[in-house]
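2 protein chains.
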Amino acid sequence: MRATLMYGAGDVRVENVPDPTIQQPTDAVVRVLRSCVCGSDLWPYGAMPASEHGVRMGHEFLGVVEETGAEVSALTAGDLVVAPFVWSDNTCEFCREGLHTSCLHGGLWARDGIDGGQGEAVRVPQAQGTLVKLPVAEDSALLPSLLTLSDVFCTGHHCAVTAGVGPRTTVTVVGDGAVGLSAVLAAKRLGAEHIILMGRHKDRTDLGRDFGATDVVPERGEEGIERVRELTRGHGTHTVLECVGTLPALHMSIGAVRPGGTISRVGAPQYGEVPLGFPEFMNNITLTGGVAPARAYIEELLPDVLEGRIEPGRVFDHAVGLDEVPAGYRAMADREALKVLVKP
Amino acid sequence: MRATLMYGAGDVRVENVPDPTIQQPTDAVVRVLRSCVCGSDLWPYGAMPASEHGVRMGHEFLGVVEETGAEVSALTAGDLVVAPFVWSDNTCEFCREGLHTSCLHGGLWARDGIDGGQGEAVRVPQAQGTLVKLPVAEDSALLPSLLTLSDVFCTGHHCAVTAGVGPRTTVTVVGDGAVGLSAVLAAKRLGAEHIILMGRHKDRTDLGRDFGATDVVPERGEEGIERVRELTRGHGTHTVLECVGTLPALHMSIGAVRPGGTISRVGAPQYGEVPLGFPEFMNNITLTGGVAPARAYIEELLPDVLEGRIEPGRVFDHAVGLDEVPAGYRAMADREALKVLVKP
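Listed in order, the protein sequences are those of chains E and C. Heads up: the first sequence begins at 1 in full-length UniProt numbering, then just goes up one per residue. Heads up: the second sequence begins at 1 in full-length UniProt numbering, then just goes up one per residue.
Note that these hints are calculated values from the structure, not bench results. Do not take every clue at face value.
Said to hold, decoys possible - Just some of the chain E residues that point at chain C, by a computed CB distance under 8 Å:
1) C92
2) L99
3) P259
4) P269
5) V274
6) L276
7) I285
Stated by the list, open to error - Short, incomplete list of chain E residues facing chain C, as computed with Cβ under 8 Å:
8) E97
9) G260
10) A268
11) L287
12) V291
We put the beta carbon where it would ideally sit given N, CA and C, even for glycine.
Work out the full structure, taking the sequences as your base and the hints as a guide.
Here it is, written out as C-alpha cells:
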C-alpha cells in the first residue's frame, strides 16, 4: 500500500510500504477513508534531523474495518470506525478512569512497527478497545466532523473539561489554530458565555466567532494580556485554554488567568520549565491539561456531531489526495491551510 | 507594647512598639493570647539582608477583642477570636468564591503599617471580615488546636482539598514539617485511606502516623520516588501534597504522582520555574494549590476541633513567652522544635 513517511524537516514522501495484516488476535485492519495532518506533525516538519529510513506519519483517521483478529468480537468487516490518536485496550485501570492515553497496553500510532494514519490502511492494535463504530455511510457529509473526534475536537474538549469550563466560567483561548478553534467550540458547548479568542489570523478568528468566541484579541505578549484584562475588569478569566505549546503562549496564559483560575494546556509543550513561581502561588493558579484521552470522549461527543448541533469539521479548509500529502504539509506550515484533510 | 521584629538573618528581637489603636471604622484591636512561629518565617530568618529598622513578624494569632471601630457590628470587646493569616473583607467577589487571599481589600500582616501576630496586641483591619469568633474561654485547653486554624492546619487542608483528596484517592505527603503533618491529618479527615508520608525525622513521622499516615518513606530523591512507586504497584499516588516549597521537594512530587494525578503545593516556592515539560504533559499531571485562604475554611473545620475529633495543635511541641521568641526561632531553625507556640 501507499503511506506517508517523513525523512527530515520539510521532507515528506508518499511511498510503498507493506500491506497491513492481522498479527495479534486483538488486531483489526482498517482501510482509511479520511485522515488529516495535525498541528503537532508540524513540529518534526520544522525540525526533524535527516533520517535514512524515514518515519511513518499520521495519527488521526477513520475508515472501514476490513479484517479482524480472533479476539475482536464487537467489530465486523464493513464497520465504519474512527480511531482516537492513541490506541488503548479500554479495560485497564487507567482506561476505566478515562485516561486512555496512559493505557497499560496501549501506544502511539506511526512508531514501533505500528502504521500511521496518513496511508491507505492501518493495522489497529487493541482494536476492540480502540475503535468506535460510526453509524454513517462511506459517503456521509459528516466524515470531516467525525474525523475531528480522532484528535482535534477531543483535544479542545479535553482542554475545556480539565480547565473546568462551564456556564459560570469566563474563558480565554490562546491560539487560533485548529485546536484553539476546537477549544472555543468545546467551551461554548459546555455553556461558557464569555470566550476571548487570542489570535490574529482573521479568517481563523472569524471561524472562532462562529464557534462561539465573544471577543477576539489579536495583540500578543504584554499587549495581549493587557487587552484581556481590559475585557475582564482587570482580573483575567477563570480559565485559560492554552492551545499552542510554546513558552510565549504560556506566558500569555499566565498573564490572562484570574486569581484562583486554571490554565489548561493541550499544545504539546516545546519547553521544559513552566514559569509558575511565587506570584502564581500567591494567586492560587492551577496548571492542568495534557495529551487528550480522545477515546474517553468520543461516545459523549458523537451525538452532537451526528445530530448536527456542532460542526467541528469546519476546521478543515483544505483537502488533498494521498499523493498530495507533502503539499498539504507545506500548506499548513506556510499557514495557507488551517487544517488539511486527506482522502486516500 | 512589646512585639517581635526581625533585623536580618538570625537576628530576631522583641522590642517596644506603639500600642495599636483604632484607625479605621473597620478596625478592631485584639490582645494576643496565643501566637506562633511559622515555617515560612524561617525563610527570612535564614536569608534576610540586614535592615536598620527591622520588620514586624508573625501572621498567626488568636486573642481577645479589646476595642472595635464604628463599623464593626458583629464583634464586641471580650470576644475570643482567631485571625487567618491574611486579612480580608469577606464580602468581595474573591472572598465570596472562597479565595480570601485575593481579597480586593485585604492584605498581609506585619507589613505596610499593619501589626504582626508575634506581639502583645494587633490592630486588625477589616476586622468583621477577618476575625472568627471562638466559643471557648481564655484558659481553654483547645487554644493550640484552635490557633492552627489561623494557618497551618488550614494550609494542610487547602493542600488536600485542591488536590482532590477523598476516600478513593491515594496520597503522598512530601515533608514532615508542621504543614506536612497537617496535610496528613487533613487527608485522613477527608477520607483518604492510603497516605504515604515522606520524611525522615522519626519523632515527626511518628506524629504523622498518629495523624493517619499509613506508610513512611524516609528516603529522598530518586530513592524516595522508587520507594513510593514500590508502594503503589509502580504507578505513584493520585495526589501528592507538596508541603516544603523547594525544588528537590517538587522533583520528588513529580516522581511520586500517578498518571492523571495532581500535585498540590502549599510550601511557599523557593523557585521560579517548575519542571513540568513534555513527559508530565503526556501523563496529564496537574499542578495546583497555592497560598491557603484560611478564612474560607475556619467555620468548616471548627466543629471538628471543638468536639475533639481532630487535634491539629499537636504540631506544637515547644512553647515560649514573648521575650523568648528569638530562642523559639532558633529552636525551629535548628530543628529542635517542630513548631513553636508563643504565649505573650
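**Prompt:** Does the nearest C-beta of chain C fall within a distance shorter than 8 Å of the C-beta of V274 of chain E?
**Reply:** Holds: closest Cβ of chain C sits about 4 Å from V274 of chain E, inside 8 Å.
**Message:** Does P269 of chain E hold up as a contact with chain C if the rule is Cβ-Cβ below 8 Å?
**Reply:** This interface hint holds because 5 Å falls under the 8 Å limit.
**Asked** Does the interface hint hold: is L287 of chain E within less than 8 Å of chain C, judged Cβ to Cβ?
**Response** holds (5 Å)
**Item:** Interface hint status, C92 of chain E versus chain C (Cβ within 8 Å)
**Value:** Constraint on C92 of chain E not satisfied, violated at 11 Å.
**Request:** Tell me if G260 of chain E is really an interface residue toward chain C, meaning its C-beta lies closer than 8 Å to one of theirs.
**Result:** Holds, because the Cβ-Cβ distance from G260 of chain E to chain C comes to roughly 4 Å (cut-off 8 Å).
**Request:** Answer holds if the nearest beta-carbon of chain C is closer than 8 Å to that of A268 of chain E; otherwise answer violated.
**Result:** Holds, about 7 Å.
**Item:** Hinted contact L276 of chain E with chain C - closest CB pair below 8 Å
**Value:** holds (5 Å)
**Message:** Quick check on V291 of chain E please, does its C-beta sit within 8 Å of some C-beta on chain C?
**Reply:** holds (5 Å)
**Asked** Can E97 of chain E be said to touch chain C, with a Cβ gap under 8 Å?
**Response** At about 6 Å, which falls below the 8 Å cut-off, the nearest Cβ of chain C leaves the hint on E97 of chain E intact, so it holds.
**Message:** Given a cut of 8 Å on the nearest C-beta pair, is the interface hint for L99 of chain E held or broken against chain C?
**Reply:** holds (4 Å)
**Asked** Any CB of chain C closer than 8 Å to the CB of P259 of chain E?
**Response** This hint holds: P259 of chain E lies near chain C, its Cβ roughly 4 Å from the closest one there, short of 8 Å.
**Prompt:** Holds or violated: I285 of chain E as interface residue toward chain C, Cβ cutoff 8 Å?
**Reply:** I285 of chain E check passes; min Cβ-Cβ to chain C is 7 Å, inside 8 Å.
Checked against the numbered hints given earlier, the structure breaks only hint 1 and satisfies all the rest.
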